[in-house]
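Work the whole structure out from these sequences, hints included.
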Amino acid sequence: MQYTIMPAINPDDSMAQEQAALLVGHLKVINQQWDKAFLFELGTLKGLLAATEEILREKSSQSGKTAKALDDVATSLAETKAATCKTAMQTSDFVHKIGLAIERLLDASEIDGTDAFKSRLQNIILDYSEKQSGRERIWNQFYNLDPDREKFPTIDEMLGLV
Amino acid sequence: MIGEKLIEPRIQHTLNRKVVNAKKGLYIPKTYQDIFSGLEKFMAALDYSGVKIHNLKRMSGGASKEQFSFELECDQLKKSKKLVLRMDPYESIVETCRLREAQLLKVISAVVPVPPVFAVDPEGDYMGQPTLITEFVSGVTKPTDIDSASVTGIGTNLGHYAELLRPQFIDNLAAIHSYKPKESDDLSAYVRPKPNTKEAPLYQIGWWSTVWELDRVEAYPMMKLAENWLIRNAPVCDDPCIIHGDYRIGNFMFEEPSGQISAVLDWEFAHFGDFHRDISWITQKLYGSWNEKGQFLVCGLLPKDDFLRQYEEKSGRKIDHEKIRYYEVMCAWMSANMCLGTTVKIGLNATNHQDLMQTWLSAGGPLFTNHMVDLIRGN
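Sequences listed follow chains A and B, in order. By the numbering used here, the letter at position 68 of the first sequence is numbered 68, and the numbering carries on one by one without gaps. By the numbering used here, the letter at position 35 of the second sequence is numbered 35, and the numbering carries on one by one without gaps.
It is possible that some hints are incorrect.
Chain B is nowhere near these chain A residues, computed Cβ spacing over 12 Å in every case [as the list claims (entries may be wrong)]:
1. E53
2. A74
3. T87
Straight-line distance between alpha carbons at most 30 Å, and here's what the computed DSS-like set of lysine-lysine pairs gives [what the hints assert, rightly or not]:
4. K323/B x K118/A
5. K5/B x K118/A
6. K198/B x K118/A
7. K142/B x K28/A
Please keep in mind that the hints were generated in silico from the structure rather than gathered at the bench. All values derive from a computational prediction rather than experimental measurement. Even glycine gets a Cβ: it sits at the ideal position worked out from N, Cα and C.
This is the structure in structure tokens:
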């Protein structure tokens with residue numbers, strides 16, 4: 001791309017030049033990430049499973065729609081724990097499934113969750129999201145969008161590879 | 001979404017169209033011949049005769065629209081006019097209405113410099129896709145003499161222009177918020193939230209929760225938590241005013257070397273709402289930068305406290321810091337929505353010719369979810 005295709009692009013075609021530069025940028029990021037993607041997704045899933053188990057500790061205190069939604073979360077958790085994730089995509093699919101169940105729980109709890117449960121649920125999700133978004137920011141640092149990227153550890157450091 | 005959803009009819013129409021367009025799959029950019037043919041039909045429909053199109057050229061810039069410049073010669077014009085055509089692909093980073101944009105540009109030109117509207121094809125009846133044509137405005141969105149690898153304004157270094165642009169940036173913002181539409185202003189594509197109600201924020205939540213439902217690729221509990229928080233904590237808006245919606249670095253043009261702002265661009269997020277919404281958008285981390293003293297500069301122009309103080313002085317409005325916090329959550333939520341949902345979906349569906357740009361921007365998502373956590377915690 002850099003030395004054969006891009007020099008051949010008409011210099012007047014700024015859109016094509018811009019898209020080619022973006023493609024090179026994407027390839028450079030993929031180069032940093034590709035063989036660590038499974039490990040990264042596994043870390044995401046582990047964090048979410050821990051948060052989900054914490055949420056389910058409050059299960060017996062709820063009734064109505066909230067209790068039903070908690071049952072669905074428990075089912076999703078059990079299915080995930082019983083499964084074997086061998087690829088980044090498989091792992092990501094389970095993150096999505098549990099995440100959807102938690103989203104439905106959030107809506108249900110607005111209807112009939114106790115105040116104490118709602119507060120606890122919010123804190124658990126905020127804690128998980130803080131850790132996870134921090135991981136994702138480190139993971140995405142090579143896109144050069146994050147104004148704090150100079151302060152981040154490396155991806156290897158985040159994943160415990162060094 | 002919990003509770004009753006409020007959504008402007010024209011926004012709902014645009015999102016309904018998006019659902020149809022998303023199924024069309026791969027979007028191939030328009031060729032010059034496509035544009036020529038469309039313009040011939042369009043200009044004929046507008047009763048222009050003797051039409052000649054010259055110097056048609058694709059433009060770069062803009063995160064997701066197709067953009068072309070051209071010169072129009074016709075019997076009705078004394079001299080040829082240089083114009084800019086913006087056209088929607090099947091899906092964009094944000095799905096918006098060219099009719100709303102055209103209406104607002106015509107109205108707000110009374111108080112701030114904007115590209116004059118030439119013509120609008122809101123449903124793409126002539127051009128194939130919704131299209132807005134404006135007059136060409138000279139200027140740049142970032143200095144040409146500073147090396148800055150920025151994307152749609154993000155990461156732009158303004159250098160010595162910051163001092164020249166700063167007062168104009170704030171003056172224009174105050175002018176937008178102060179504008180009171182006249183009876184004769186056609187803003188029929190807009191809904192004006194009732195004053196002294198929560199309609200202003202609730203209309204925005206209705207819009208963006210619908211977008212998340214349509215575009216979400218992976219579940220993010222934080223997005224649902226934030227949505228519910230925004231509904232529960234929606235503040236009353238005393239006096240809804242015109243909101244630009246995407247007022248920031250990268251969305252205004254200025255002349256070199258004078259530093260005079262020649263146009264405020266990209267009004268597609270515009271709506272009637274709470275002025276705190278614009279303030280909170282401007283102060284987002286993604287659009288700012290750090291100076292050599294380690295200070296964070298809002299849009300690369302000035303520290304946040306200075307920006308808020310100067311806005312109050314220029315506008316005569318009093319900033320409510322609790323509302324700033326509320327709208328900061330909303331802005332982070334909207335931005336996360338686009339980055340974590342729409343851009344990824346566009347990449348998967350290839351429904352935009354700038355899918356490489358869209359997916360690049362998706363990397364900004366965690367910055368916004370991180371920010372939402374801090375804000376909701378009150379940090």
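Tested hints:
Every C-beta of chain B lies more than 12 Å from that of E53/A, the closest at about 14 Å, which supports listing it as non-interface. Separation of A74/A from chain B is adequate, the least Cβ-Cβ distance of about 16 Å exceeding the 12 Å criterion. Taking the minimum C-beta to C-beta distance to chain B, about 15 Å, the non-interface status of T87/A holds against the 12 Å cut. The straight-line distance between the Cα atoms of K323/B and K118/A is roughly 23 Å, inside the 30 Å bound, and the hint therefore holds.
Taking the CA atoms of K5/B and K118/A, the gap is about 22 Å. The hint holds against a cut of 30 Å. Annotation: proposed proximity of K198/B to K118/A holds, straight-line Cα distance about 23 Å (limit 30 Å). A hinted pair counts as satisfied when its Cα atoms are at most 30 Å apart, and K142/B with K28/A qualifies at roughly 26 Å.
Comparing the model with each numbered hint stated earlier shows that all of them hold.
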